[in-house]
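J.: These are the residues of each chain, in order.
Number of protein chains: 2
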Amino acid sequence: MIKISQRGSSMPSSPIRKLVPFAEAAKKKGTTVYHLNIGQPDIVTPEACMDAVRHADMKVLEYSHSAGNESYRKKLTSYYAKNGIEVSSSDIIVTTGGSEAILFGFMACLDAGDEVIIPEPFYANYNGFAVQAGVTVVPVKSHIENGFALPPIEAFEQLITPKTKAIVICNPNNPTGYLYSESEMELLKSIVIKHNLFLFSDEAYREFCYSGKHISALQLKGAEDNVLMMDTISKRYSACGGRIGALVSKNKAVMETAMKFAQARLSPPSFAQILGEAAVDLPNDYFDATKAEYQRRRDVLIERLNNISGVFCPNPGGAFYAIARLPIDDCDTFCQWILESFEYNGGTVMMAPATGFYSTPGLGKNEVRLAYVLNEDSINKAMDCLAEALKVYPGKTN
Amino acid sequence: MIKISQRGSSMPSSPIRKLVPFAEAAKKKGTTVYHLNIGQPDIVTPEACMDAVRHADMKVLEYSHSAGNESYRKKLTSYYAKNGIEVSSSDIIVTTGGSEAILFGFMACLDAGDEVIIPEPFYANYNGFAVQAGVTVVPVKSHIENGFALPPIEAFEQLITPKTKAIVICNPNNPTGYLYSESEMELLKSIVIKHNLFLFSDEAYREFCYSGKHISALQLKGAEDNVLMMDTISKRYSACGGRIGALVSKNKAVMETAMKFAQARLSPPSFAQILGEAAVDLPNDYFDATKAEYQRRRDVLIERLNNISGVFCPNPGGAFYAIARLPIDDCDTFCQWILESFEYNGGTVMMAPATGFYSTPGLGKNEVRLAYVLNEDSINKAMDCLAEALKVYPGKTN
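Order-wise, the sequence lines are chains A and B.
Quick note, the first sequence lines up with residues 49 to 446 if you use our numbering.
Quick note, the second sequence lines up with residues 49 to 446 if you use our numbering.
Keep in mind the hints are simulated off the structure, nothing from the lab.
Mixed in with the good hints there might be a few duds.
It does not matter which identical chain is meant; a pair holds if it fits inside one copy or across any two.
[Said to hold, decoys possible] Think about it this way: if two alpha-carbon atoms lie no more than 27 Å apart in a straight line, the pair counts; the simulated BS3-like pairs of lysine-lysine are:
id : residue 1 : residue 2
1  : K123      : K107
2  : K429      : K242
3  : K261      : K439
4  : K298      : K66
5  : K211      : K444
6  : K122      : K242
7  : K429      : K269
8  : K122      : K444
9  : K300      : K66
10 : K298      : K444
11 : K123      : K76
12 : K51       : K237
13 : K107      : K237
14 : K429      : K298
Here the structure is a predicted model, which is why all the values come from computation and not from measurement.
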């Protein structure tokens, strides 16, 4: 018998997608499924961006430069400048989604056997990229009680070994929605400088900050050689299917190395680079409406959640996710049960069990992640359904 | 000082792109550069495919399924059926270019320290994906004298160790243009079955066969569990910038494992999936014109090359590449010299030094790879230039 690799066996399945068959079965029965499980925004992709693709004058759909089109990289520097981030086009490699930026960063900076510290709960796919790079994820616990704030410096330092090469953050955070404060970012800076670590900063949700100001890791003065920033247009412009992101760093050796990985895969997708380039020219108030829309949704969701008996959900400062603690025995069981065995007014709710976002076994068992990517009316209907479900769920704990 | 990874250090630079600065300098001087160095076709991307993207009715550019759109995968089964390859849509994962298909295949089937045997010269980026997967490439020599035919079975068996997990082929071959015969494919089948190896078959150039019939590795009866086929729309439809390929295998465990890697990166690009889907509906005679065009170019190129004193170039059966032996001391020096220090009638030629396609040090030093992706007139002008250059090149050997 020919066998797959051990790496392949140890590769985790997507914790978000494993419930898909149950959602599909519910839909087949005629039940409306409110998808709060996945970060697929329902916001319309800006027409000007789609038009740029439609009207692109290309006779031959050629490879672009491996680092992305020069014109796009130049434009991106002005986008970053508007956000208080000073970079040059040579500090940017356009990637196939934020995913590839993470992969290139890991590959360029980490060897098999190295360790990276990540505050948990964290974006589950970091595990997948760690497996591909042969890297061990070492979780440092953040807690729902204080809204998943950055763990104290001692918690990090206890975990640092000679194999520790980097800290990975997502800011604002997926799955918690937590927005790191300036003092927390300064704390991270001091740790990575003191211990000679890389700081990988996933800033996919930069624009989605509702309480407080976003501090980019690239703004940390003195940590220029330590910081790699991973970015994407997916959520910003509701352009997830475009698969365009960026790896940004002022560390020349890192960028030269990442460039070799970029060359091996030839180029990022051409169509969505055109979309991304047009997006930089969107009016400055483009995000105002989008942000206001998400903030309204957040306000509705968090209020509704905390009004359900036994439910606790901290108010997230950014992104479009929240983690809620529910009065349940087991979130994996519950999230399957609500799809399989419950409906209210013809609808049910799909949520992501939080266990998939924790690396430490046993954590997050009574928590779920909710993505507020649906309109207020749908969120309200989903919360009506959740409230009723928690009254009758056989594994309820209060 | 914070350091990049050893993996990053050992990652090879692109052998094709390292001459780019010299080509750019030549262009700045006003010299026309004939690009025979890279597989970027000049063939117009089919208008029907571009129109499908232009007219796609998408309000939100959403993630697609991680395996690619179901509608596209179903369509692809009919494309493969037309080519005598029977697969179902569940045997297909749509990837971001052929590159990602190679990466997923390596990741799913190979562990760090494993060995893969590849007939050399080979597509240089296999080295890059091997470095990412921590895998050692073991070259088996093919020879210009017999047109780079498959090495004999003994040559493979001498190299097989307990660490050998796979054989990688590209058919028709990049960089040699060699088209494997049915008996050669049967030979490969017998080796992989006997030694329990995977057979990775890169079939990016399936349609471009001028002398003989293409045998897909997926047609090898009895080797269904061994074969992973890597595919791409890049060359087939002159759609390199779309970044759409496919990993195809009937081995269920392999596909389930590859799917986990696919989920980690969320989805392949949406726009180019639409293009790829429309491409399946192109008239059956679409390839006739394209193939005839490439065949004319091949005929001109090979004849012109072999008419230059001291040059030998076997006639390639497929793809759009040829490796020629030149009367020179060192192809890296020569390819730089012709860009930097030579021109004829206002033009010069960019070629890929063949050393970049060999894994064994010292091999290919007097060989270059030429991609016949330019029209006949340009090829003729490039050959005029090459012929003159070989008369005066300081390192000429005859």
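J.: My question is about K123 and K76: at a cut-off of 27 Å on alpha-carbon distance, are they close within one copy, between copies, both, or neither?
T.: Classified as between; 24 Å across copies, 46 Å inside a copy.
J.: Evaluate K298 and K444 at a C-alpha cut-off of 27 Å and name the case that applies: within, between, both or neither.
T.: Intra 51 Å, inter 44 Å, cutoff 27 Å: neither.
J.: Between copies, within a copy, both or neither: which fits K122 and K444 at Cα up to 27 Å?
T.: neither (54 Å within a copy, 43 Å between copies)
J.: Give the relationship of K51 and K237 under a CA distance limit of 27 Å: within one copy only, between copies only, both, or neither.
T.: between (44 Å within a copy, 17 Å between copies)
J.: For K429 vs K298, is the C-alpha pair at or below 27 Å within one copy, between two copies, both, or neither?
T.: neither (47 Å within a copy, 43 Å between copies)
J.: When no copy is specified for K429 and K242, does a C-alpha distance of 27 Å or less occur within a copy, between copies, both, or neither?
T.: Neither: 50 Å inside a copy, 60 Å across copies.
J.: When Cα atoms must be at most 27 Å apart, do K298 and K66 count as within-copy, between-copy, both, or neither?
T.: between (38 Å within a copy, 22 Å between copies)
J.: Between copies, within a copy, both or neither: which fits K429 and K269 at Cα up to 27 Å?
T.: neither (46 Å within a copy, 54 Å between copies)
J.: How would you label the pair K123, K107 (within, between, both, or neither) given a Cα cut-off of 27 Å?
T.: both (23 Å within a copy, 25 Å between copies)
J.: If the cut is 27 Å between Cα atoms, do K300 and K66 qualify within a copy, between copies, both or neither?
T.: between (40 Å within a copy, 18 Å between copies)
J.: With identical chains treated as interchangeable, where does the CA-CA distance between K211 and K444 reach 27 Å or less: within a copy, between copies, both, or neither?
T.: neither (42 Å within a copy, 52 Å between copies)
J.: Using 27 Å as the alpha carbon limit, work out where K122 and K242 are close: within a copy, between copies, both or neither.
T.: Cα proximity of K122 and K242: none, with 33 Å in one copy and 54 Å across.
Against the hints set out earlier in the document, violations occur for numbers 2, 3, 5, 6, 7, 8, 10, 13, 14.
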